[in-house]
Every structure is written in structure tokens, then in C-alpha cells.
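Work out the full structure: start from the sequences and follow the hints.
Residue numbers (our numbering), protein chains in the order written: chain U, 1 to 310; chain Z, 1 to 591; chain P, 1 to 249.
I should point out that these hints are in silico values taken from the structure, not numbers from a laboratory. Virtual Cβ for every residue (Gly too), placed ideally from N, Cα, C. Worth double-checking, as some hints may not be accurate.
Using 30 Å as the maximum straight-line C-alpha spacing, the simulated DSS-like pairs for lysine-lysine come out as follows [said to hold, decoys possible]:
no.: 1; chain 1: P; residue 1: LYS196; chain 2: P; residue 2: LYS2
no.: 2; chain 1: P; residue 1: LYS195; chain 2: U; residue 2: LYS305
no.: 3; chain 1: P; residue 1: LYS195; chain 2: U; residue 2: LYS281
no.: 4; chain 1: Z; residue 1: LYS501; chain 2: Z; residue 2: LYS541
no.: 5; chain 1: P; residue 1: LYS32; chain 2: Z; residue 2: LYS539
no.: 6; chain 1: U; residue 1: LYS274; chain 2: P; residue 2: LYS243
no.: 7; chain 1: Z; residue 1: LYS540; chain 2: P; residue 2: LYS195
Derived list of chain P stretches under chain U, where covered just means 3 residues or more per stretch with a C-beta under 8 Å from a C-beta of chain U [what the hints assert, rightly or not]:
no.: 8; stretch: 57-70
no.: 9; stretch: 202-216
Spelled out, the chains give:
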Amino acid sequence: MGVLVVAEHDNEVLQESTLNAVTAGLEINAEVSVLVAGQNCGGVVDSVGKVAGVSKVLSCEHELYEHQLAESLAGLIASIASDYTHILAAATSQGKNVLPRVAGLLDVAPISDITDIQSADTFVRPIYAGNAIATVQSEDTIKIVTIRPTTFDAAAADGGSAEIVSIDPHDDKQDLSQFMGQELTQSDRPELTSARIVVSGGRGMGSSENFQIIEALADKLNAAVGASRAAVDAGYVPNDYQVGQTGKVVAPDLYVAVGISGAIQHLAGMKDSKVIVAINKDEEAPIFQVADYGMVADLFDVVPKLTESL
Amino acid sequence: MTYSAPLQDMEFVLNELCDLEGVCSLPGLQETTPDLASAVLEEAAKIASEVLAPLNRQGDTQGAKHLDGKVVTPDGWKEAYREFIEGGWNSISFSEKYGGQSLPYLVATAVQEMWHASNMSFALCPMLTQTAMEALLMHGSDALKQTYLPKMVSGEWTGTMNLTESQAGSDLSAVRTQAEPNGDHYRLYGQKIFITYGDHDLTENIIHMVLARTPNAPEGVRGISLFLVPKLLVNTDGSVGEPNDVRCVSIEHKLGIHGSPTCVLAYGDKEGAVGYLVGEENQGLVYMFVMMNLARHAVGVEGLAIAERAYQQAASFAKERVQGRPIGTKSGDRVSIIHHADVRRMLMTMRCKVEAMRSLAYLWAGAFDKSTHHPDEDERLRQQQIVELLTPIVKGWCTETGNQLASLGVQVHGGMGFIEETGAAQHFRDARITTIYEGTTGIQAGDLVGRKLLRDGGAAAVMMLETMRKIEPSMADIKEFDKIYKQSLDDLEQATQWLLKAAMEDPQLPAAASYYYLELWGVVVGGWLMAKSALAAQKKKSAGEGDKAFYDNKIKTASYYAAHVLSGTTGLRHTIIEGSDDVMALQVEDF
Amino acid sequence: MKILVPIKRVVDYNVKVRVKSDQTGVETANVKMSMNPFDEIAVEEAIRLQEAGTAEEIVIVSIGIKQCQETIRTALAMGADRGILVETEEEVQPLAVAKILKHLVEKESPQLVITGKQAIDDDNNQTGQLLAALLGWSQGTFASKLEFTDDRLKLTREVDGGLETVSLSLPSVVTTDLRLNEPRFVKLPNIMKAKKKQLDIIPMDSLGLDTTSRVKILKVEDPPQREAGIKVDSVEELIDKLKNEAKVI
Ligand SMILES: Cc1cc2nc3c(=O)[nH]c(=O)nc-3n(C[C@H](O)[C@H](O)[C@H](O)COP(=O)(O)OP(=O)(O)OC[C@H]3O[C@@H](n4cnc5c(N)ncnc54)[C@H](O)[C@@H]3O)c2cc1C
Ligand SMILES: Cc1cc2nc3c(=O)[nH]c(=O)nc-3n(C[C@H](O)[C@H](O)[C@H](O)COP(=O)(O)OP(=O)(O)OC[C@H]3O[C@@H](n4cnc5c(N)ncnc54)[C@H](O)[C@@H]3O)c2cc1C
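Take a look at the structure:
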């Protein structure tokens with residue numbers, strides 16, 4: 001009995017966060033299987049097969065799973081769950097959507113967004129926007145856990161040679177949920193949660209036009225662009241830019257916060273970054289309490305200058 | 001520059017000192033329960049901190065403007081006003097009969113504190129509407145009430161009070177505005193100055209309550225009548241019609257409350273402004289006196305509110321600003337200034353006086369509710385006596401203290417306090433008006449000595465002194481509290497006895513002493529309430545109930561008040577008894 | 001349709017929580033408590049659906065101590081019709097919450113359950129999904145828009161890459177994200193009216209459900225503190241530090 005990791009993908013590309021989940025799985029047990037459910041997702045299956053440390057890939061191709069809807073995916077996962085001690089996924093919007101539903105089907109209490117594994121049943125997770133850290137122990141026979149990708153290294157994408165097994169779809173009546181469409185943010189920049197450098201803008205940006213200042217800097221640094229909730233709420237940038245307690249959690253080598261005050265909800269999503277730079281005209285802004293390098297200045301003066309000088 | 005309502009202290013004062021439960025069981029107020037009051041305070045706190053407080057700065061820097069004959073309020077004012085009236089906050093303690101909420105005045109007072117603390121310039125608008133509504137409710141004819149009250153209660157229209165003229169400020173007997181009978185109404189001619197929200201763009205119509213003289217009225221105070229003058233005439237079907245002959249000539253440039261337009265209003269430039277008599281002719285000032293209690297209390301609450309805001313700001317600044325090292329150390333980390341004893345002194349002074357003022361202002365409100373709703377006639381009268389006695393003290397002491405504390409707030413900030421950016425200076429400037437309008441401190445002091453003390457030969461004062469003697473502060477475990485407390489009551493009693501006697505020798509003596517006498521009352525009543533707070537906190541602690549840290553702090557603050565504020569009564573007594581004849585010692589020519 | 005809105009009473013989001021010295025949890029005594037902000041969004045959405053004529057009745061449910069009544073009253077003051085408190089002194093974890101809710105759903109037969117995507121205390125983000133699983137209903141998590149068409153619910157979800165739209169069969173469980181709406185301020189007269197609205201209290205024990213905790217909390221600690229760094233005065237200095245000191249660019 002080993003660990004099952006649920007892969008996240010769009011039928012073409014494997015999400016990097018799955019590699020972090022594999023690492024978490026390997027910390028628990030050397031035998032890690034990965035489920036790839038989808039439609040025409042052979043490429044993903046192949047790439048998972050190469051991930052270092054993965055022993056087995058379960059491939060399940062069916063139109064039911066094309067869009068990763070929780071209603072169908074959860075049934076499939078639950079149907080094979082008894083073969084495993086742990087079911088893991090990354091704590092992404094996908095993982096958070098699907099795994100608790102699996103847990104509900106199996107009468108298991110799921111554990112969300114862990115940052116450390118102390119033993120096979122004991123995990124560490126932040127609560128209260130990271131203002132407290134809880135160590136929790138699961139008393140269920142199957143552990144259903146989402147892991148915070150930024151706190152586990154990514155498993156090497158190459159070097160493995162897993163056995164590939166295809167499994168049958170789970171027979172489900174499927175009128176509960178239908179996929180209608182998606183509006184994904186198009187960007188050539190690195191993905192926010194895995195980028196090495198993130199440049200984020202807050203309400204201080206003042207408008208969506210002004211966000212170009214952030215984007216120009218990000219492009220110079222080959223960085224991803226993030227934002228505070230206030231900036232998203234104001235419509236400067238799309239929702240998937242939000243960093244924080246209830247948005248994305250990032251932990252890049254360098255995080256540049258521009259015109260962001262540093263509310264605890266925002267800090268919850270970025271304070272594990274290796275180096276934090278804050279640019280804010282208010283020297284009292286709480287962001288400076290976590291910044292390694294703070295600059296009290298008008299962002300409209302210094303950010304373009306910074307971009308130019310780099 | 002945020003504001004967060006001190007809900008815990010407010011609820012403590014309401015419940016432990018002001019008998020909220022008792023007030024909520026009075027006939028006519030039984031819709032309210034302490035739980036409901038707490039829900040009301042919580043929601044009001046949200047509006048205060050999320051809607052009103054963020055506009056306070058804007059109101060100050062932008063100010064109200066007089067453009068092309070129209071008064072324009074600062075950005076955001078209109079939206080905030082809409083939110084405010086749609087939430088039903090305009091008429092919180094007003095009778096349900098006219099669409100109000102019938103909440104006890106006690107609860108309304110706590111809510112008012114939040115409005116004024118978050119944005120006093122804004123809060124003045126509903127406050128004046130409230131006063132105008134009270135005048136109309138108490139004395140207006142049914143027809144006037146029906147036409148005007150519901151729309152004022154809902155906030156669709158606002159109200160103003162038009163007393164002051166350039167020659168008639170403290171002395172309203174000098175009012176000259178003329179009112180000539182004209183069929184079922186009057187035509188008014190004259191100019192009023194300093195009219196708060198006399199014109200603005202928040203609502204379509206504004207209802208002015210105006211003091212004026214009819215043609216054959218007697219000279220002086222007995223010849224003044226009260227009129228209702230709408231900005232726009234109201235048709236018989238209740239719709240708004242033609243503009244009335246009243247206009248805003250200009251607005252004042254002021255030291256503070258920039259967001260609140262202070263208007264010069266011209267009545268009767270053309271055919272005469274249509275006005276309707278409220279009540280009877282020549283009774284205007286009598287009516288004013290009835291309402292004055294509420295209006296003066298409300299200004300006292302402003303003093304408290306600004307002080308609370310200034311305190312919050314000073315405390316947060318003191319935790320951030322790093323300067324110097326702890327005393328007795330030469331090296332090591334620099335600390336934030338809150339670690340310095342003298343900064344602590346300022347913060348403690350602010351804190352304990354704010355708590356004392358809050359207790360006093362709320363106590364007044366509880367007494368007001370009992371004076372108007374208690375089923376027992378004797379009890380109503382007794383409470384009325386307390387209300388009358390305490391009114392000039394609430395107004396005079398809370399506003400003078402408010403000024404003092406807003407000034408301390410600036411001091412805590414150092415140079416940054418003198419610079420406008422921090423906002424500390426705004427509180428200082430805004431507070432300044434509170435000791436002036438609704439009767440200056442001098443007028444309050446005169447009222448206390450003249451009407452409240454001498455007129456009944458000291459009966460109310462003695463009754464209050466007896467009430468205050470009934471507690472033993474040492475039970476709260478504070479060193480020396482009993483001694484200081486007893487001394488302060490003795491000082492007040494001796495000063496009172498002296499005044500009663502001195503008044504018979506020389507009428508200038510009580511007037512010369514009046515300011516200090518008012519201060520003495522404020523400090524002693526504050527001491528009484530701080531002692532009661534400490535006792536209540538001690539009781540809660542012994543019973544193991546509630547938030548121990550909060551109660552501990554209450555006791556410590558009371559202790560500070562005793563040693564730093566209450567202990568000053570002996571000096572005040574001395575000034576009153578020994579110093580009053582020095583006040584008029586020089587001749588006018590000597591100045 | 002009838003809408004059931006489960007809400008949780010949590011430490012107010014403005015409060016900086018303190019970990020208890022015995023490491024059993026965070027200090028919640030005498031701390032300002034409020035409705036979980038995501039649940040507030042859920043209540044607001046239900047009320048908007050009622051105002052639009054889509055919903056007839058809104059029932060609020062909370063599970064917890066006696067004081068949760070105040071939180072329910074707030075939802076009633078916002079405009080919900082009645083409340084149910086499942087009262088208990090015990091800590092109730094999401095799975096148990098979902099079981100209790102399932103029980104109430106069977107009793108009340110709502111067409112829609114709307115709740116917050118996560119509670120800002122435990123940050124679990126589980127209850128809606130668990131409930132949907134237990135009921136065998138569709139789930140619309142992290143919703144930013146709801147539209148009802150032909151007996152189905154068209155729902156826009158906030159996902160990692162942007163937005164996704166799904167069509168859900170009814171009944172359904174919806175969990176709210178931040179952009180769904182902006183909750184209203186409570187109106188004073190409605191606070192008074194809320195007092196008179198029906199609020200039933202059911203002792204949790206009387207339900208006969210298995211509500212035991214399956215996740216043991218071993219300890220709760222302070223997070224590692226991050227030290228404040230230095231202030232730099234110029235762009236040149238910043239670049240220099242990032243290149244030569246931090247070596248991140
Ligand atoms: C339930 C809930 C969940 C939340 N989740 C999140 C979350 O996940 N992520 C998140 O970020 N927030 C979240 N928040 C919101 C959070 O509380 C803050 O409101 C938000 O982070 C503030 O964003 P901000 O710093 O951009 O805006 P503000 O706090 O308004 O700060 C703007 C800053 O810009 C500075 N500035 C302005 N102009 C300039 C200039 N020209 N040059 C330099 N500086 C300038 C100002 O000094 C100020 O410090 C949540 C809140 C709640 C209630
Ligand atoms: C911003 C602002 C808003 C206002 N809003 C309104 C409003 O909405 N409606 C309205 O009608 N009025 C309003 N007023 C007017 C206000 O009520 C008067 O300014 C106040 O009553 C004082 O009158 P005065 O200015 O004429 O001063 P004066 O009466 O000239 O007083 C000058 C000084 O003499 C002292 N003094 C005067 N008489 C005596 C006495 N008998 N005994 C002892 N000392 C005395 C006073 O204490 C004061 O120190 C407002 C004023 C301001 C500045």
C-alpha cells in the first residue's frame with residue numbers, strides 16, 4: 001500500500017505543482033503512484049512516467065475527466081482509494097476542489113494545505129492566515145491531504161521510469177456538472193506560484209493602465225506578476241493574480257511588493273519568500289516589517305527607474 | 001488615521017455604570033435589550049470606521065466650498081450621507097410614530113460618539129437635523145409635523161438651527177430678524193450667521209428653524225419667536241415647489257471642521273422668506289431652553305469623541321515612532337517612544353480622562369431616558385434634576401478636556417503632530433469649536449452657577465454630593481483612593497457652600513469662580529464614575545467573569561485618575577474661595 | 001427556491017491572533033468575533049437572489065456555542081428569514097459540520113446551499129465540498145458569479161489560471177469567493193426586526209450524529225518571525241544589494 005498523488009493537468013501539460021506533491025508523497029512512502037485522469041492526455045501520462053521516484057502511473061482516459069470536474073473525478077479517486085494509505089494533491093484551486101469531495105465520499109476528514117510532514121499521520125499546517133502553525137494528527141485509515149506546493153521541492157521531471165497502468169473509468173451518472181468554458185489569463189510570463197521572482201502591485205498602482213509599470217519591471221526580471229486583493233477588487237488585474245491567505249501562496253527567491261500596505265491576509269501568501277523588497281511611500285506601512293529591503297518612495301518615480309537601470 | 005470604536009469600553013459603561021438593562025425596561029423603550037444594543041453598536045462601528053472615518057481627512061483638506069452660489073460638500077460626502085440615511089441611522093432615538101427607531105438616548109449617545117469620532121464635520125449635519133426635529137416635535141402644530149417631520153426623520157431633508165446674528169451670539173435677546181404676519185404664515189427678513197449646514201448639496205430641501213421677532217414683540221428675551229423656514233417651499237401634496245426667499249451668501253473660512261459648511265444666510269432679500277410659526281409667539285427662547293439640554297449634551301459628546309480619536313492616533317503613533325533608548329541604558333536598541341515615561345504620562349492622561357468623560361456623557365443620557373420614560377413621577381423629577389445639573393458640566397467639561405487632550409495628542413507626535421500629514425493637528429483644530437458653539441464654556445459656567453446652583457439654593461448640588469458620598473473606592477483595592485476621593489468631595493462641598501454665601505455678598509464673585517467651579521464638578525463627577533468603574537471591575541474580577549485584563553486596566557486607569565486628576569480638586573477649591581476676588585481686581589482701563 | 005446558508009462565527013479578520021501559551025490553540029476569549037467574511041458574501045448572495053425573485057426563503061444555520069446566535073442575528077438583520085443554531089460547546093470539524101448540514105438539508109429541503117469557500121480561522125476550505133459529496137449534489141466552489149437558467153445554475157469559478165464556467169444541476173452546493181459581491185451594511189431598522197425573526201436552537205447531541213473529531217490537534221505554535229531588514233535610499237543601492245548581498249538577480 002502506497003501513496004496516491006492526483007496529477008493536475010490540462011490534458012497537454014502537467015502542472016508543476018504535481019511534482020511538489022510527488023516529493024511530499026515520497027516523504028511518506030517510497031511507493032508513490034500518480035493518477036492521471038483526463039481525455040487524450042497520453043502526453044501527460046508519459047511525462048508523469050518520467051518523474052523521478054514515481055513507481056506507477058494510473059492512466060484513466062475518458063471524456064468524463066476531460067475538464068477535471070470534481071463531481072466525476074472524486075468518484076473515480078474514491079473507487080480506487082482503498083489501495084492506498086494516503087491520497088495527495090497540491091493545494092491548488094483544483095486540489096482544493098476535488099480532494100475534500102473524495103474525503104466526503106469516503107467518510108474521511110481531509111487535511112488541507114500542509115507545509116510539513118512529521119510522520120505518516122502527523123502534519124503541519126498554517127491556520128489564521130499563517131499567524132499560527134498547527135501540528136495535527138489524522139485518525140482516519142486513509143489520509144486525504146493537500147500540500148502547499150511552495151514548501152515541498154519539485155521532484156525531478158526526468159530520471160524515473162514508472163510502470164504505466166490504465167484503469168477503467170468509474171461508472172457515474174453525469175448530469176451534475178458540465179463544463180461550459182474558461183477564460184484563462186494569457187501570459188508569456190512564468191507561472192505565479194512557481195516563478196523565481198514575483199513582482200506584485202497593490203491599490204497604490206491606482207489603475208490598470210498603471211500596472212504596466214509592474215509588468216515592465218517583471219519582464220525585465222523574467223518575473224511573474226502578482227497583486228493584492230485590493231488591486232484585484234478594484235479591477236486592475238484578474239483574480240488569478242491575487243496573492244494571500246485566500247489567493248495564491250508564493251515563495252519565490254525574490255518578491256517585490258509595490259504599493260502594497262502589507263495586511264496580514266497578504267503577508268500570509270508571500271512571507272515565506274526568500275528575499276522581500278517593498279516599495280511604498282508610507283514609511284509606516286506594515287509591509288516594511290517583513291521586507292529585507294524597503295524603499296520609502298513614490299512608486300511612479302522609482303519603479304520605472306529600477307526597470308531602466310536593470 | 002483609522003478609527004475603531006472602543007466597543008468594549010462603551011459596553012462596560014452602558015452596562016456597569018448606566019444601568020442599560022434598567023433603561024431598556026422603561027415603558028416605551030422595551031423594544032431594546034442589552035443584546036440588541038450591542039448589535040446596534042457593532043453595526044454603527046462598521047459604518048463609522050468603514051464609511052465615515054476614511055472621509056475625515058478629505059473633508060479637512062478639501063473642505064466645503066461655495067461655488068456659483070451653491071454649497072458643495074467634499075468628495076464622498078453625498079455617498080456617505082446616502083449610506084447613512086438608508087441605514088436608518090438618522091433617527092435612532094426618534095419616536096417610531098414618525099419613522100424613527102425609538103432606541104434609548106443612552107444607546108444613541110454611544111452611537112453619536114462614533115459618528116463624531118470618525119468624522120465630526122459630517123456628523124454635524126445629522127446632529128443639527130436631530131435638534132431641529134426635536135424643536136418641531138415638541139412645539140410644532142400637527143400640520144407642520146405631518147408635513148416636515150417624516151422627511152426629516154428619514155433624512156430625505158436635513159434641518160438647521162438659526163439663532164446667531166452678528167450682534168446676537170451668546171446674548172440671543174439681541175436677535176433682530178423680523179417676522180411679519182402674512183395670512184397663514186409669516187415673511188422673514190434678516191441675516192443669520194454661522195449656520196451649520198445652512199446650505200449644502202446632500203439633500204434637496206433644508207428645513208431651517210429660525211429665531212425672529214414679530215412686529216410688536218416685547219424687547220429682549222421675551223419677544224423672540226421660533227419659525228420654520230424651508231429652503232424650498234412645500235406644496236400641499238408634500239412635493240417640493242418654488243425656492244423660498246432664503247439664500248446662502250457666503251461660507252466661513254475656519255480653523256477646523258472644514259468639511260462642515262458654516263453659512264451666512266440672508267432671509268427676505270426679495271419678497272420675504274415664507275416662515276411658519278412653531279408653537280406660540282414670543283416663546284422662542286423658552287423652547288430653545290428645552291432643547292438646549294440635548295444639543296449641549298451632543299456637543300459634550302463631540303469633545304469626548306475627538307479626544308478618543310486623538311488618543312487612538314497618539315497611542316498608535318507612540319508604538320511606531322522609534323526614538324531614544326530606555327532610561328538607564330546607553331547602548332542597545334532604540335525603542336519606540338511609548339517606552340518613555342513622559343509619553344506614557346500623556347497617553348494615560350488621555351485615556352483616563354476619555355474614560356471619565358464617556359462615563360459622564362453616558363450617565364447623563366441614561367438619566368435623560370429615565371427623566372422622560374420612568375413611570376414614577378418623583379423619579380422622573382429626580383432624574384430631571386440630574387440632567388439639568390449635569391448639562392453644563394457635560395458640555396463645558398467634556399469640550400474643555402477634549403481640547404486639552406487633542407493638544408496632548410499633538411504633543412505625543414512631536415514635530416509630526418504640528419505637521420498636517422499625520423492628522424493629529426486636524427483633531428486639535430476640529431476640537432477647538434466645541435467649547436464655543438452651543439454656548440461657550442463661559443456661558444456653561446454661568447449656567448451652572450446661576451441656574452443650576454443658586455436658583456434652587458444648592459438643592460440639586462447637595463443631592464448629587466450625597467449620591468457621590470455613598471461609595472467606598474478603596475474596595476477596588478487602590479491605594480489612597482478613599483482619602484483622595486473623600487477630599488475631592490469635601491473640596492466640592494466647601495466650594496459650593498462658599499459660592500452660596502458669596503453670591504449674597506457680591507454677584508460678581510460666583511461669576512468669577514464659575515469656570516473653576518465647573519471644572520471642579522467635572523473632575524469630581526469624573527472621579528466618582530472612575531471609582532464606580534473600578535468597583536464594578538473589581539466585582540467582575542472576583543466573580544471570575546469576563547475579560548480580566550480589561551478589568552485590571554480599568555482599575556489601573558482609575559488609580560491614575562485619582563492620583564493625577566482627582567487630587568487636583570484642592571487647588572481648584574483654593575482658587576475658587578481665595579482667588580475669585582482677584583479676577584476683577586484691575587479696572588477695565590488697566591488692560 | 002429555498003436557500004440554506006451555513007455561517008461560522010470566527011475571530012474578526014482585523015484581530016491579530018495570539019497563540020495560547022499552553023499551545024492548545026489561539027486565544028479566543030474576549031477577542032472580537034464576527035461572521036466569517038466569506039459567509040457574509042454567501043448571505044449577501046442569497047439575499048440578492050431573494051430580491052431578484054429567484055429565492056423565496058433564506059435559512060441561516062450556524063453550529064457552535066450560544067453566542068453564535070448573535071452571528072445568526074446579523075445575517076437575519078442583513079435580510080435572511082430565519083435561523084437555526086445547532087448548539088454545542090465542542091469543537092466541530094468540517095466533516096462533522098457537513099454531516100450536521102446534511103441532516104438539516106434533508107429536513108429543510110433547500111434547492112441551494114451557499115456558504116463561504118473557507119473560514120478564515122482554520123483556513124480549511126472543505127465544508128462545501130464535503131457536504132456536496134455527502135448529499136451527492138453538484139458543487140460550485142469559489143464562485144464569482146451565479147446565473148440561473150432552465151433549472152440549472154451557470155456558475156463562474158475563480159480558478160488558478162483565471163475563470164471557469166460550469167453548468168450545475170440543482171440542488172447544488174455553492175461556495176463563495178471574494179469577487180461574488182460586496183456585502184451590504186446592516187440597516188438599523190433591520191437589526192430591530194431581526195430580533196423578532198425565528199431562531200431555533202437544536203442541541204447538537206440531540207441529532208444523534210457522529211460528530212467526533214478525526215483530526216487531533218497536537219499543538220499550535222507561533223510562526224517563525226521574519227526580521228525586518230533595512231531601508232535603502234536609492235534605486236542604485238537597491239540593485240547593488242539585490243545583486244551583491246542577496247544575490248537574487
Ligand atoms: C476575508 C478576507 C480575505 C482576504 N484575502 C486577501 C488575500 O488573499 N490577499 C490580499 O492581498 N488581501 C486579502 N485581503 C485584503 C487585505 O485585508 C487588504 O485589504 C489588502 O491586502 C490591501 O491591499 P493593498 O495593500 O493593495 O491596499 P492598501 O492597504 O490600500 O495599500 C495601498 C498601499 O499603497 C501605498 N501607495 C499608494 N500610492 C503609492 C505611491 N504612489 N507610491 C508608493 N506607494 C503608494 C500606500 O501607502 C499603501 O500602503 C482579505 C481580506 C479579507 C477580509
Ligand atoms: C463653526 C460654527 C458653527 C456654528 N453653528 C451655529 C448654528 O448652526 N446655529 C447658530 O445659531 N449658531 C451657530 N454658531 C454660533 C455660535 O453658537 C456662537 O458663535 C456662540 O454662541 C458664541 O457667540 P459669539 O460668537 O457671538 O461670541 P460672543 O457671544 O461675542 O462671545 C465672546 C466671548 O465672550 C464671552 N461672553 C459673552 N457673553 C458672556 C456672558 N454673559 N458672560 C460671560 N462671558 C460671556 C464668551 O464666553 C466668549 O468667550 C456657530 C459658530 C461657529 C463658529
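Hint check results:
1. LYS196/P with LYS2/P: 20 Å, holds
2. LYS195/P with LYS305/U: 59 Å, violated
3. LYS195/P with LYS281/U: Distance of about 46 Å is beyond 30 Å: violated.
4. LYS501/Z with LYS541/Z: 45 Å, violated
5. LYS32/P with LYS539/Z: Given pair LYS32/P, LYS539/Z holds - Cα atoms ~23 Å apart, limit 30 Å.
6. LYS274/U with LYS243/P: With a Cα-Cα distance of about 14 Å, the restraint between LYS274/U and LYS243/P holds, given a limit of 30 Å.
7. LYS540/Z with LYS195/P: Given pair LYS540/Z, LYS195/P holds - Cα atoms ~28 Å apart, limit 30 Å.
8. 57-70: Result for this restraint: violated, n = 0.
9. 202-216: holds (count 4)
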